[in-house]
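Undergrad: Work out the full structure, taking the sequences as your base and the hints as a guide.
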Amino acid sequence: RVIGRTARGVKAISLRDGDEVTGMCILEEGKKVLTISETGFGRRSEIDNYRIQSRGGKGLTNYKTELYGDVAAVSMIDDDEDIIIISSDGIIIRIKASDISTFSRTSKGVRVMKVSEGEKVSAFSITAHDAEEKTDELEISEEDAEGNETEVSETEE
1 RVIGRTARGV KAISLRDGDE VTGMCILEEG KKVLTISETG FGRRSEIDNY
51 RIQSRGGKGL TNYKTELYGD VAAVSMIDDD EDIIIISSDG IIIRIKASDI
101 STFSRTSKGV RVMKVSEGEK VSAFSITAHD AEEKTDELEI SEEDAEGNET
151 EVSETEE
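Okay, so the sequence shown: first residue is 1 according to my numbering, each after it adds one.
Hints are not guaranteed to be accurate.
[Said to hold, decoys possible] With a straight-line cut-off of 30 Å between C-alpha atoms, the simulated DSS-like cross-links for lysine-lysine are:
no.: 1; residue 1: 64; residue 2: 96
no.: 2; residue 1: 31; residue 2: 96
no.: 3; residue 1: 96; residue 2: 120
no.: 4; residue 1: 120; residue 2: 64
no.: 5; residue 1: 120; residue 2: 31
no.: 6; residue 1: 120; residue 2: 58
no.: 7; residue 1: 31; residue 2: 58
no.: 8; residue 1: 31; residue 2: 114
no.: 9; residue 1: 31; residue 2: 11
no.: 10; residue 1: 11; residue 2: 58
no.: 11; residue 1: 31; residue 2: 64
no.: 12; residue 1: 64; residue 2: 11
no.: 13; residue 1: 114; residue 2: 64
no.: 14; residue 1: 96; residue 2: 114
For the record, the hints were derived by calculation from the structure and aren't laboratory data.
TA: Written out as structure tokens, the structure is:
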């Protein structure tokens, strides 16, 4: 419903002590939810993993921050897009979205960027894939894949 310019609006989510909103995105059919942590881990998740919530609800756990670090940002992404990630020490990388595996919404994901001690992922941006633009290749080790016992699917090239 339409409300006045000075109106406060409605409560979208009820936060517990210590919780904060890191980001939001509008779910789009055919896309996946991309979550990247400040510690450099990322994963894509199917939209079906996120059920519809009531206004003012408590929400769903998207990432186990106490285990894997705070969330840097979330976004909707297509398999054919690229991700540009920047760290707090000014390092920037570009990777293909299809290089990041799809996991359930509570999994850690895979290391998408190595961050130095005391540094963190600051932000990322989604951009159209450019076949002529060089992208970094993700190398996934056993250690990086720990905590991903709930893998949903692997991407194919």
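Undergrad: Is the Cα-Cα distance between residue 120 and residue 31 30 Å or less?
TA: holds, 26 Å
Undergrad: Is the hinted pair residue 31 and residue 58 satisfied, with a Cα-Cα distance of at most 30 Å?
TA: Roughly 24 Å separates the two Cα atoms, so the pair holds.
Undergrad: Hint check: residue 31 vs residue 96, CA-CA at most 30 Å. Holds or violated?
TA: Holds. Residue 31 to residue 96 sits at ~14 Å (cutoff 30 Å).
Undergrad: Just to be careful, I want the Cα atoms of residue 120 and residue 58 compared with a cutoff of 30 Å; is the pair within it?
TA: holds, 27 Å
Undergrad: Does residue 11 lie within 30 Å of residue 31 when you go C-alpha to C-alpha?
TA: holds, 27 Å
Undergrad: Hint check: residue 114 vs residue 64, CA-CA at most 30 Å. Holds or violated?
TA: holds, 19 Å
Undergrad: Under the criterion that the straight-line Cα-Cα distance not exceed 30 Å, is the pair residue 64, residue 96 satisfied?
TA: holds, 24 Å
Undergrad: Starting from residue 64, check that the Cα of residue 11 is at most 30 Å away, please.
TA: Status holds; Cα separation ~24 Å.
Undergrad: Hint check: residue 96 vs residue 114, CA-CA at most 30 Å. Holds or violated?
TA: holds, 16 Å
Undergrad: Please work out if residue 96 and residue 120 have their alpha carbons no farther apart than 30 Å.
TA: Satisfied, since the Cα-Cα distance of roughly 20 Å is no more than 30 Å.
Undergrad: Can you confirm whether the C-alpha distance between residue 31 and residue 114 stays at or below 30 Å?
TA: Distance ~26 Å between residue 31 and residue 114 Cα, so the pair holds.
Undergrad: Going straight from one Cα to the other, do residue 31 and residue 64 come out at no more than 30 Å?
TA: holds, 22 Å
Taken one by one, the earlier hints all hold for this structure without exception.
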